[in-house]
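9 is the number that my numbering gives to position 9 of the sequence shown; each next residue is one higher, with no gaps.
Hints in this document: simulated from the structure, not taken from any laboratory.
Treat the hints with caution; some may be incorrect.
SDA-like cross-link-like pairs, simulated, lysine to any residue; straight-line CA separation at most 20 Å [stated by the list, open to error]:
| # | residue 1 | residue 2 |
| --- | --- | --- |
| 1 | K37 | G54 |
| 2 | K36 | S26 |
| 3 | K150 | A140 |
| 4 | K36 | I15 |
| 5 | K36 | S8 |
| 6 | K37 | L20 |
| 7 | K36 | V19 |
| 8 | K37 | I69 |
| 9 | K37 | T14 |
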Amino acid sequence: QVLCLADSLWPLHTINLNVLIAQGHSRSMLRLEMLKKLIGLPLLGIGTLWGVMGIAWSGLVFGTIAFVINAHYSARLLQYGAWQQLRDCLPVYFVSVPMALLVAWLSATIAGPVWMRLLLAILTGALCFAGAAQALRLSAFADAVDLLRKFIAGERRPV
Numbered sequence: 001q002v003l004c005l006a007d008s009l010w011p012l013h014t015i016n017l018n019v020l021i022a023q024g025h026s027r028s029m030l031r032l033e034m035l036k037k038l039i040g041l042p043l044l045g046i047g048t049l050w051g052v053m054g055i056a057w058s059g060l061v062f063g064t065i066a067f068v069i070n071a072h073y074s075a076r077l078l079q080y081g082a083w084q085q086l087r088d089c090l091p092v093y094f095v096s097v098p099m100a101l102l103v104a105w106l107s108a109t110i111a112g113p114v115w116m117r118l119l120l121a122i123l124t125g126a127l128c129f130a131g132a133a134q135a136l137r138l139s140a141f142a143d144a145v146d147l148l149r150k151f152i153a154g155e156r157r158p159v
């Protein structure tokens, strides 16, 4: 659960790093990655003192710090900083958090074999997310559904 929270910012990391590459700032990206490794390694070392959960929490701290560092360059190059990026992602978080709470509650309360609980959690989470995203008319969800429909229909996007 902690790792899921930590990696929820991963798509933003990727976008911010791709901005650097697309803008031709590979030298800045190298420096940025070296800085993040200098921050991440001590955090990982400290996290090991508390075992697996310590490592997971250090990953969350590192992911947050890394996002702020990555977004700094996007703010400079595109005037699209961390707060704007997070604000644009809020609707997805508003759908994801209740879904995660429901799945966690179900996983803790339903008895049965692990595979059955996992299958139930996946199906419940997917239906909850899809229903809420559809009800709130999230544009990202509508785009994903449209892409899926086209893929199933065999349509290929022109290169």
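To see whether the hints hold, each was checked on the structure:
1. K37 / G54: holds (18 Å)
2. K36 / S26: Holds. K36 to S26 sits at ~15 Å (cutoff 20 Å).
3. K150 / A140: holds (15 Å)
4. K36 / I15: holds (16 Å)
5. K36 / S8: Judged against 20 Å, a Cα distance of about 18 Å means the pair holds.
6. K37 / L20: holds (18 Å)
7. K36 / V19: holds (17 Å)
8. K37 / I69: holds (12 Å)
9. K37 / T14: holds (16 Å)
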